[in-house]
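If you want the building blocks of each chain, they are given just below.
Number of protein chains: 2
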Amino acid sequence: MPKILVTNDDGISSPGIKILAKTLKSIGDVYVVAPETEQSAVAHALTLHRPLKSAKTGKNAYYINGTPTDCVIIGVNKLLPSRPDIIVSGINNGGNLGDNVTYSGTVAAAIEGTLLGIPSIAVSLVTEYNNNHGPQKMTSGFNRAAECAIEIVNKIIEAGLPKDTLLNVNVPPGPEIMGTKITRQGKLVYDNGIQELADPRGKECYWIGGGEPQWKKGGDTDLDAIHNGYISVTPVHLDLTNYKALKYLKETW
Amino acid sequence: MPKILVTNDDGISSPGIKILAKTLKSIGDVYVVAPETEQSAVAHALTLHRPLKSAKTGKNAYYINGTPTDCVIIGVNKLLPSRPDIIVSGINNGGNLGDNVTYSGTVAAAIEGTLLGIPSIAVSLVTEYNNNHGPQKMTSGFNRAAECAIEIVNKIIEAGLPKDTLLNVNVPPGPEIMGTKITRQGKLVYDNGIQELADPRGKECYWIGGGEPQWKKGGDTDLDAIHNGYISVTPVHLDLTNYKALKYLKETW
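Going down the list, the sequences are from chains X and Y. Per my numbering, numbering of the first sequence is gapless, rising by one per residue and ending at 250. Per my numbering, numbering of the second sequence is gapless, rising by one per residue and ending at 250.
What the hints contain is simulated information worked out from the structure, not anything from laboratory work. Mixed in with the good hints, there may be bad ones.
Chain copies aren't distinguished; within one or between two, either way the pair holds.
What the hints assert, rightly or not - Only pairs whose alpha carbons sit at most 27 Å apart, straight line, appear in this in silico BS3-like list of lysine-lysine: (1) Lys53 - Lys15; (2) Lys53 - Lys134; (3) Lys184 - Lys15; (4) Lys247 - Lys53; (5) Lys244 - Lys160; (6) Lys160 - Lys241; (7) Lys53 - Lys244; (8) Lys19 - Lys241; (9) Lys134 - Lys50; (10) Lys75 - Lys200; (11) Lys200 - Lys50; (12) Lys50 - Lys19.
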């Protein structure tokens, strides 16, 4: 049985991680190390300015008062009895598509796993294109996403992953799934909705969010796959160098 | 005069941003929007779960109780009288080299600027390879880095930047600078030093940090340029797709 470390950014109490951990137990030894509280949009943040505490919440389950990245580092190095064979982060409540991967705590946990040399995937359930999600529908969506995670984990255990590369998996809201597509990261255009409001003492505040980003349709992107009802699997690496620009700047600067 | 938005992750009170803003005033209209407190290693974190407050601390200078990414979003959309021509993030106290760009708040501010379609650079003063930094030495290092920022800003104002691409600039500790190299992002191997300690009530804690990452020498990487005394300029983009892996997975999955 492979040893699987499960984490997320929605926190240890979120339904997505519970369903994921339960489902993965059919194929592996599952350890859960997740943030104590919700850590959405914390990106690859790492806690260096204070010590971290962990608490055991069940058999092979721990929370940490930190970020998803902290959970992977402490989980792999201190809490698990030995190095995991694979890290699965999710199931996130909401998609991690296009440029949003750079904000995502879910994807960041898989980034940290990859930096540690452990095959890692991030799994997210897209909810943005279907606002009719009661708890029932969410549960069935998480179940579909967890089944999808099993398939991908089995493939990775069997065939491995390209070096220094994680898979960013997004599952459409369903209930019908058209299949799976290997995709590239799409490009979002943000409108940065910012709400202006006053605090109880009349001081002006800004609350980021609410804007709906646009994207260019067409092509083999994650955004297009999801929009057309497919599971999207994007191979993501951590070399952010723009090689075309590198060549251009070397020639012209 | 170009309109320049200056931000950082070390916070509004840090010497690096003060020297940077003062130096850039010789070539542009400078606006400072920076975090109220130090935000090192917060990566591209975005504050969505609470409103943000800003405070004016001087002419064209504001702090925000949030992350570098928050500062760019609120600065560009709410605080500046119009869109800036360029965003300069720094001068960070410490390098942002190799895979560390994924943790960096300094680089994240430039990522956010790039997502907003504004030419952006991150400037960091490497201190890791020279531990003899008193305040005097740091000031002269920041001054050198600020002069370097002026040169690069002038080049960008004149020639522009490749699309969807920021420049991650690292300045060696000096005092001698060998020149400037256009580089790719190097690869670090982390050892994840984690200190175990007990809190005042005897509860076990983990404190991440202290490990010194290693890297493979040779090649045109940022790490090598700095190690050899050169300023490193890396063109960074936000498409994290591993295209080689994309092709491979499409053929084999």
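Status of each hint after checking the structure:
Proximity of Lys53 to Lys15 under the C-alpha cut-off of 27 Å is restricted to the intra-copy arrangement: shortest distance 15 Å within a copy versus 45 Å between copies. Taking the shortest Cα distances, Lys53 and Lys134 never come within 27 Å of each other, neither inside one copy (30 Å) nor across copies (47 Å). Proximity of Lys184 to Lys15 under the C-alpha cut-off of 27 Å is found in neither arrangement, the shortest distances being 31 Å within a copy and 35 Å between copies. For a Cα distance limit of 27 Å, the shortest separation of Lys247 from Lys53 qualifies neither inside one copy, at 53 Å, nor across copies, at 41 Å.
Taking CA atoms no more than 27 Å apart as the test, Lys244 paired with Lys160 passes in both settings, with 24 Å inside one copy and 14 Å between copies. For a Cα distance limit of 27 Å, the shortest separation of Lys160 from Lys241 qualifies both inside one copy, at 21 Å, and across copies, at 11 Å. In this assembly of identical chains, Lys53 and Lys244 lie within 27 Å of each other by CA distance neither inside one copy nor across copies; the values are 51 Å within and 42 Å between. Taking the shortest Cα distances, Lys19 and Lys241 never come within 27 Å of each other, neither inside one copy (44 Å) nor across copies (34 Å).
Within a single copy, Lys134 and Lys50 get their C-alpha atoms no closer than 35 Å, and across copies no closer than 37 Å, so neither meets the 27 Å cut-off. With identical chains, the CA atoms of Lys75 and Lys200 are at most 27 Å apart between copies only, with a shortest distance of 15 Å across copies and 45 Å within one. In this homomeric assembly, Lys200 and Lys50 come within 27 Å of each other (Cα to Cα) only across copies, at 8 Å, whereas the closest approach inside a single copy is 35 Å. With identical chains, the CA atoms of Lys50 and Lys19 are at most 27 Å apart within one copy only, with a shortest distance of 25 Å there and 41 Å across copies.
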